[in-house]
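Asks: Protein chains in written order, with the working numbering: chain A, 14 to 275; chain B, 27 to 430; chain C, 22 to 321.
Note that these hints are calculated values from the structure, not bench results. Even for Gly, the Cβ is constructed at its ideal location relative to N, Cα and C. There's no promise every hint is true.
[Stated by the list, open to error] Cross-link-like lysine-lysine pairs, in silico, DSS-like; alpha carbons within 30 angstroms at most:
(1) A:LYS169 to B:LYS39
(2) A:LYS169 to A:LYS156
(3) C:LYS109 to A:LYS169
(4) A:LYS156 to A:LYS145
[Unchecked claim] The calculated label-pair distances, taken between Cβ atoms and stated as ranges, are:
(5) A:GLY129 to B:THR348: 33 to 39 angstroms
(6) C:LEU175 to A:ASP22: 25 to 31 angstroms
(7) A:GLY129 to B:GLN271: 21 to 27 angstroms
[What the hints assert, rightly or not] Calculated from the model, a selection of chain B residues having no Cβ within reach of chain C, i.e. all distances over 12 angstroms:
(8) ASN60
(9) ARG120
(10) PHE140
(11) ASP225
(12) VAL368
(13) PHE403
(14) MET410
(15) VAL412
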Amino acid sequence: MNTILEVKDLTMDFGGLRALDHLDLNVVEGEIAAIIGPNGAGKTTFFNCITGIYNPTEGEVLISPPGKKRKKINGLKPNRVTENGMARTFQNIRLFPDMTVLENVMIGRHCRTSSGIVGAILRGRSTNKEEKEIVDFSYNILKKTSLSHLVNELAKNLPYGAQRRLEIARAMATEPFLLLLDEPAAGMNPQETRELDELITRIRDEESISILMIEHDMKLVMSLSDRIFVMDYGRKIAQGSPYDIINNPVVIKAYLGEDIYA
Amino acid sequence: MSFRDDKIQEIKKSLLVSIWFMFLTFPIMVIRVNPIEKAVEWRWENMLVVGIGSFLLSFVWRYMLKKKEAGEKRAEIGESGNTFLIQKILEEPRFCIPLLITLTIIAVAFPFIFSMYQTNIMTTALMYVVLGLGLNIVVGLAGLLDLGYVAFYAVGAYCYALLNHHFGLGFWSVLPIGAVLGFIFGILLGFPVLRLRGDYLAIVTLGFGEIIRLVLENWNEFSFGPSGIANIDRPAFWDFQFSLQNATIYLYFLMIGLTLFTIFVVNRLQNSRIGRAWIALREDETACQAMGIDKTRTKLTAFALGATWAGMVGVIFAAKTTFINPASFTFLESAMILSIVVLGGMGSILGVIIGALILILLPEYLRVFSDYRMLLFGAIMVIMMVFRPQGIITNIRRRYKFNE
Amino acid sequence: MEYFFELILGGLTRGSIYALIALGYTMVYGIVELINFAHGEIYMIGAFTALIFTSVLTLLGFNEIAVIVLASLLAVIYSSAYGYTVEKIAYKPLRNAPRLSPLISAIGMSIFLQNYVLLAQTSDFLPFPNLIPEFEFIKPYRHIIGSPEIIILLTTSIAMVLLTFLIKFTRIGKAMRATAQDRNMAMLVGVNVNRVISITFIIGSALAALGGVLIASHVGQINFYIGFIAGIKAFTAAVLGGIGSIPGAVLGALVLGLTESFATGYVSSDYEDVFAFGLLVLILIFRPAGILGRAAAQKV
């Protein structure tokens, strides 16, 4: 199996505070991996470091997109990271509220298309063709994420669960090889969570996009993940299959407590 | 609480507001001193006006606040916001097409029916329409608050004035130069400042605008200082120079042409790949960048494109007035263009056109307003932000149809 | 050498007045994250109110000291009232609006107040009486320092000390610091945030009025437009020092005052305002956090 994301020795300091402490982590092609850990463990900081929002103090982030060469991406701007094939969602939903659902997804196509100002004004044949491709591609993703009935709604008017799905759809539009989901199930009701479970599995199986997610919903994590990383105080304290993790005394002691399935 | 108690409470509140404002405005409104003659003038009648005015306005204010809150609640449960009647009419093709035809006829006939003075005013109004549409790209679409927009307008105007003065270049050859120069200045100024956060960006652009004006005022060798440049040529048609009256009409149609061109361009842009990126940038910068959009480049295109239009209108302004000096390019000019965009509706083409026509024509035709013009502009910015931040015309996003 | 000291003293005097206005910007920004564009106008209204009441009180036959004290006091009261009202009308309804909305509203308010004074009073420059008496003991040193400078420096220092005390040691000061840190959290632990914001505007406006009275009497003339330039300069000072930081505002104001003083003294006075604007642009581009401020981490 190919490793597609390799994080080595990642450290992030904010002033005197060490948010990430020599973290190693990797994701292999085709897996669903999860990062768990108590609040403030540094999970979102980790995402921000590997997506270019923060520039890590130390360490390396390497990607090997399927069929492409290995590449170091730390220090790149967020948009370059996305262009390189890693797309993310946000813990506190960050859609474009006054744009329609379709347009939100169309934004995701931006980095895969190229027409500029002149093209937009003249609207020549190639621009038109590209525009049509953007629309079709985006609509197709909306169908896959069961949002196609909401195409022309404004994003801000969507119910909560649909907003979370739309964020995933938008990220998918950038054609990533790895999707980073930051607490995708936060605030969802059981029904929505079940649908999310299905959606994530489908994305992996049908779109062959690997997934790395931060999640607190242990039931979802246990049922979905192939591997789990446990973080605490900016460090990785354990990793392994769901089975390993629930039986790992360090994890139980540090974080899960005895009542994980209570 | 009964209905009557409610009423009494409301009146009490308004009474308090009224007393408060009478107190507040007492020194400025009532007393006027003449420090040279050591005389004091008491204008008690003003206090009465303020008292009654604020008493009534406070009812309106509270009523509108309540209405807005109710509107927000409705929006939360998914109902769309309230739109003005005019917007509903325009969305109806049945009304829209005849309306457009009528407008075209009026626009074409205007200079032949009305006096030169009126035509001139209309040309000015159209200039502000174009300036508003240009600034709308920057503020309305890309969400970059540019308070130094007038600087690019000045660049265009001085570009024509100086090239005309020194080298005798004509209007038509300078118009594209003005546009390009606006674009270049937009990039030059935009490059360092565009990574700043929204409110800092506003202040820096304001600073740049003022610097350009102050330089124009003080660098006599270059810009002829505060006395400005006079005798700038009016636009000619090839080599043919018009009489004053025909030149006015010519300029009017030129502005109509430029307005249509601007509408065409902005309309195409806002539903394009770039236009969507601008709007996304306005909505959420971080998310926008995380979706693969180059923030700096996208901002820069919006900024420079807005500047291009200001540069073009600047050239026309110089050609129209045949005289320019730095006093035409103060911050208040930027603020005026901004209030056009704010009133009309950020991001909405139709809104900006209506906004410009209201704000420029109203003070011209209703003399009562002309003294209070700037007061009105200031008040409009506050009132619009408080009660209707989306402007008169809400910008409606394009809808797509799929047949499946 | 004497010219050099003159410039330093001139710079400090200028700077301390900027400081009085800059504090209002910094405090408001610290608490509501808003550039209170209308703050310069509050200062201008302070100066106008002082001028008006000075004339009226003099005509009514009050003695000199009483006129100074009463006029300054009224200027402070009125400016505070304006600051309070402006906040209630133009900013409070926009507490939860997107960031640009209150800024636009503030610009509108600033233009409105300018034109309100223009229309109700005059567009001409009005001579402002010199309110600061000439001290006997200073006479021998007049070529170095005059009483206006002394009074300005003294008033500013006292105001700073009082403000620092207020913020560090009083209950309301603690509430202000809490609100600046996290408004929602402060609200949850029972701080009346609206009151804190109102008080911040009132204090800031009072300081601005003080600055208005001092500078007007120092310069000797006012008009409706003085607030705009002074406002921008004071804002420059606040940013220079690190917006949100109170000692920063004072430091920034002194730096700006000295820069201007030297620039006009040694280079050219034509470009006096260009120096200030240039400094503002440079500082925002290269060190937006200012001298004393720390770069804030972006929250995602």
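Asks: Take the hints in turn and mark each one as holding or not.
Replies: A quick look at each hint next to the structure:
1. A:LYS169 to B:LYS39: Status violated; Cα separation ~36 angstroms.
2. A:LYS169 to A:LYS156: holds (19 angstroms)
3. C:LYS109 to A:LYS169: With a Cα-Cα distance of about 29 angstroms, the restraint between LYS109 (chain C) and LYS169 (chain A) holds, given a limit of 30 angstroms.
4. A:LYS156 to A:LYS145: holds (16 angstroms)
5. A:GLY129 to B:THR348: 33 to 39 angstroms: holds (37 angstroms)
6. C:LEU175 to A:ASP22: 25 to 31 angstroms: Given range 25 to 31 angstroms: violated, Cβ gap about 58 angstroms.
7. A:GLY129 to B:GLN271: 21 to 27 angstroms: violated (43 angstroms)
8. ASN60: violated (8 angstroms)
9. ARG120: Label holds. Min Cβ-Cβ 36 angstroms, cutoff 12 angstroms.
10. PHE140: holds (30 angstroms)
11. ASP225: violated (5 angstroms)
12. VAL368: violated (6 angstroms)
13. PHE403: violated (6 angstroms)
14. MET410: The claim is violated: MET410 (chain B) sits with its nearest Cβ about 8 angstroms from chain C, within 12 angstroms.
15. VAL412: violated (5 angstroms)
Of the hints listed earlier, those the structure fails to meet are numbers 1, 6, 7, 8, 11, 12, 13, 14, 15, in rising order.
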